[in-house]
Amino acid sequence: MSPTARPPGRIVVVVPAWNERATIADVVRAVREVTGFDVVVVDDGSTDGTAQCAREAGARVLCHPFNVGVGAAVGTGMAYARRLGAEVVVQVDADGQHDPSAIGALIAAVADGADLAIGSRFEGGFTMGWVRRTAIRRFARHVERRLRTAVPDPTSGFRAFGPRAIDVLTPTFPTAYLSDTVEVLLQAADRGLVVRSVPVPMRARQAGQASAGLWRSAGYALRIWWILLAHRLPAGRGEATWTA
Amino acid sequence: MDRLTVFLVAVASVTAATVLVLVRRRAMRAGYALLWLGVAVAAVLVVLLRPAIDAVARAVGSTGPSLVFLLVSLFLLFLSVGLTIQLSRLDGKVERLAQAVALLGQPVGPSEGSSPPVVPEVLFPGPEPDVCDPRGPDATA
Chain A
1 MSPTARPPGR IVVVVPAWNE RATIADVVRA VREVTGFDVV VVDDGSTDGT AQCAREAGAR
61 VLCHPFNVGV GAAVGTGMAY ARRLGAEVVV QVDADGQHDP SAIGALIAAV ADGADLAIGS
121 RFEGGFTMGW VRRTAIRRFA RHVERRLRTA VPDPTSGFRA FGPRAIDVLT PTFPTAYLSD
181 TVEVLLQAAD RGLVVRSVPV PMRARQAGQA SAGLWRSAGY ALRIWWILLA HRLPAGRGEA
241 TWTA
Chain B
1 MDRLTVFLVA VASVTAATVL VLVRRRAMRA GYALLWLGVA VAAVLVVLLR PAIDAVARAV
61 GSTGPSLVFL LVSLFLLFLS VGLTIQLSRL DGKVERLAQA VALLGQPVGP SEGSSPPVVP
121 EVLFPGPEPD VCDPRGPDAT A
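Protein sequence lines correspond, in order, to chains A and B.
Just so it is clear: in the first sequence, position 138 is 138 by the working numbering, and no numbers are missing.
Just so it is clear: in the second sequence, position 49 is 49 by the working numbering, and no numbers are missing.
To be clear, the hints were calculated from the coordinates, so they are not data collected in a lab.
Here the structure is a predicted model, which is why all the values come from computation and not from measurement.
We put the CB at the ideal spot given by N, CA and C, even for glycine.
Don't take every hint at face value.
Ranges between beta-carbon positions, derived for each pair [stated by the list, open to error]:
id, chain 1, residue 1, chain 2, residue 2, range
1, B, 76, A, 215, 27 to 35 Å
2, B, 13, A, 134, 52 to 60 Å
3, A, 148, B, 37, 53 to 61 Å
4, A, 131, B, 74, 40 to 48 Å
5, B, 55, A, 227, 22 to 30 Å
6, A, 227, B, 108, 15 to 23 Å
7, A, 127, B, 27, 48 to 56 Å
8, A, 190, B, 82, 25 to 33 Å
9, A, 131, B, 17, 49 to 57 Å
10, B, 89, A, 127, 41 to 49 Å
11, A, 233, B, 82, 19 to 27 Å
12, A, 214, B, 2, 53 to 61 Å
13, A, 225, B, 48, 31 to 39 Å
Work the whole structure out from these sequences, hints included.
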């Protein structure tokens with residue numbers, strides 16, 4: 001930590017979850033045991049009882065009445081964390097891929113002056129298919145050009161938001177898959193937030209399957225690519241935003 | 001009256017009648033219905049003003065039917081773009097509403113976890129089991 005660093009205030013862990021019943025309870029318990037922070041699970045319209053599992057494991061649970069999108073779940077969690085008085089929000093996946101012991105490193109980066117700390121899987125030797133790897137590299141190159149800093153894993157959902165990031169990003173947090181991770185970085189660039197990549201170890205999924213098959217993934221990739229292009233134009237208002 | 005005139009007037013009448021029924025059944029809002037009534041009136045006008053349309057078409061170096069066809073196509077194009085914009089706006093509103101409902105359901109209390117659900121599960125009862133079993137809702141103990 002630099003000399004200017006100070007310990008952050010209240011920290012809230014936000015876990016977006018959609019039909020993650022098999023893993024959610026373990027994730028909540030592990031995060032609480034390792035960090036002792038408040039855990040907020042945002043159930044994005046699950047039909048498998050995810051909410052109850054999370055609640056029994058000791059999380060505060062917010063339920064979308066229907067499935068909206070992972071980014072919306074994160075946005076809801078951030079809005080709620082803000083009401084709880086959180087200064088730092090840590091986002092953790094519900095599928096058990098993220099090792100709670102790495103949360104400290106993310107928070108340290110925020111305490112050290114970063115507004116947004118991104119947990120990067122690749123330094124930890126995490127491997128994936130070359131199609132996905134190539135797509136992520138392309139996203140990374142585009143995002144890095146805007147942020148002027150290295151973000152090798154822009155699609156990682158293991159991140160920490162500092163106070164400024166919470167204030168700036170919550171009102172317009174993008175809804176859809178990939179937008180919640182990649183497009184947010186462009187918004188961060190637009191708003192002059194300091195983004196830093198932090199190497200984190202990564203585990204294989206504990207259960208369940210990735211939320212999308214090949215064609216669906218290709219659709220998401222095309223969509224985010226188009227958003228990356230559109231982001232070169234100046235932004236306007238238009239999307240419904242939070243007023244509270 | 002030639003056959004084209006009869007046909008167009010018939011189409012306009014059916015459109016207007018359908019729209020009226022839809023409005024009465026509350027399947028369409030009156031505001032949107034006004035647009036389609038306007039379309040029906042325009043169809044009748046096209047019939048009545050055929051000589052004028054032909055004259056305008058000649059003046060711009062076209063023919064009556066193709067000019068009308070072009071204008072109608074443009075109208076439909078702009079209309080669909082406008083509807084897509086409205087749809088996007090509604091998407092955004094619905095998302096925000098879902099988030100607001102979620103926030104209403106979990107008040108900011110001092111409780112450490114396990115606050116009782118207030119809104120969503122009452123309004124939208126899901127197939128949640130009584131006991132949490134990671135094997136799935138259908139698993140029996």
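Hints, one by one, checked against the model:
1. B:76 to A:215: 27 to 35 Å: The hinted range 27 to 35 Å holds for residue 76 (chain B) and residue 215 (chain A), with Cβ atoms some 30 Å apart.
2. B:13 to A:134: 52 to 60 Å: 59 Å, holds
3. A:148 to B:37: 53 to 61 Å: 56 Å, holds
4. A:131 to B:74: 40 to 48 Å: At 41 Å between Cβs, range holds.
5. B:55 to A:227: 22 to 30 Å: 48 Å, violated
6. A:227 to B:108: 15 to 23 Å: Between residue 227 (chain A) and residue 108 (chain B), where Cβ atoms are some 33 Å apart, the hint is violated.
7. A:127 to B:27: 48 to 56 Å: 54 Å, holds
8. A:190 to B:82: 25 to 33 Å: 28 Å, holds
9. A:131 to B:17: 49 to 57 Å: 55 Å, holds
10. B:89 to A:127: 41 to 49 Å: At 42 Å between Cβs, range holds.
11. A:233 to B:82: 19 to 27 Å: Cβ of residue 233 (chain A) to Cβ of residue 82 (chain B): about 21 Å, so the range 19 to 27 Å holds.
12. A:214 to B:2: 53 to 61 Å: This hint holds: roughly 57 Å between Cβ atoms.
13. A:225 to B:48: 31 to 39 Å: 51 Å, violated
Violated hints for the displayed structure, listed by number in ascending order: 5, 6, 13.
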